[in-house]
Amino acid sequence: MKPVRSSLVTARSKATTGIKGFDEITGGGLPRGRTTLLEGGPGSGKTIFALQFLVCGTRTFKEPGIFVTFEETSMRIMANAEGFGWKLAELQRKKLFFLDAQPEPDLIQSGNFDLSGMLAALDVQIKEMGAQRIVFDALDIVLALLIDSAARRREVYRLHEWLLARELTGIITAKASGDKSSSMSYQPFGFMQFMVDCAVILNHSVVQGVSQRNLRVQKYRGSSFDEHESPFLIGNNGFEVAGARVTLDAHEAELEVRVKSLQTELVAKQAEKSLLARTIESRVQELSRGHTRMRELRGADAAKPGRR
Amino acid sequence: MSRPELFRFRLYVAGDTQNSIQAVANLTVLCRANLPNQHQIEIVDVLREPMRALKDHIHMTPTLVKLAPSPVRTIVGTLSQTQPLLQALGLVTFAP
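First to last, the protein sequences are chains A and B. The first sequence begins at 1 in the working numbering and counts up by one. The second sequence begins at 309 in the working numbering and counts up by one.
Because the hints were derived from the structure by calculation, they are not lab data. Don't take every hint at face value.
Claimed, not checked - Pairs of lysine-lysine, BS3-like flavour, derived with a Cα cap of 27 Å:
1) LYS363(B) / LYS94(A)
2) LYS127(A) / LYS363(B)
3) LYS273(A) / LYS260(A)
4) LYS87(A) / LYS363(B)
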């Protein structure tokens, strides 16, 4: 009885992302009521991951969600999502709310600011729709406008406290450049990694002309998780992570099949080879026989009188 | 130069957070010094009127909007850096 109950508790403490493979490697999804930091370079799939988490919440678990976007417009995000067949338009407003919070391009700045205005507005929105999941996409954009690292830390801290107090399951995405020392914006995220309960890193690289996408769970407080890099792809239905154990098994089975077929192929090739060797041998014999016969004929020819 | 133009400002603040208090003080000082008797300030507390912040697309606080004279300008922050602020409000003329 006891182990069953404890596993139920664990399952309830996690929010399913609906991302194939990711829920496996984390044993059920993201920490419920806590904040996850999702880091990655440009084009690494942060926005898609975060949006899929919200879509899964509304569609499968009736947990409405809010998407706050600091970089791309909600129009563009929705247009991109159409490609995955998520039909965001029918979820809009009541179940999935987009807040466009991009700083205006001609914005003039004089001194420091904070996000308390936006958070107050979000409070009303959350109450109205009963939101349980929330995403802050590209927080680095707005943090970069703050004057010093102390102000950046203060805002990250404010946001994190706000999320915890409301028991929202949140994702904060931020761009991370590979080069840690040169990146000005890296510092607050280093700080953020310590603060959040879960941190996931997305990587996109090209190795010998082949695109490779990898996901790694860097930390997950109070839960075991697969620490290795898992390959993922962005397919027709969105994000798909190669779940660690399952794929290993599948991979092994696949390898076994391949080894067997290679072995069969090898046997066949060997038979072919010996057949070929025999054919060659008989051809050589045939040729040498012909050669001998030709010499005999030539000898007989020379012996004939009247011909040169 | 017959009648001085009226400057109309709207300042969005978030309660009595430090940044917001500073912005109110800075704006008051700036107006007294540069626009005596020709300014009007409306203060909107987004903690009291959160839906208004959402409707007016105010995400960062404090935010100052200069409504008149045109063009409308939006300035974010405590308004502590006076030079860019005065330029944005058209209160400094550039010497050739």
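Taking the hints in turn, this is what the structure says about them:
no.: 1; hint: LYS363(B) / LYS94(A); verdict: 17 Å, holds
no.: 2; hint: LYS127(A) / LYS363(B); verdict: 17 Å, holds
no.: 3; hint: LYS273(A) / LYS260(A); verdict: 20 Å, holds
no.: 4; hint: LYS87(A) / LYS363(B); verdict: 25 Å, holds
The structure fails none of the hints (numbered hints given earlier).
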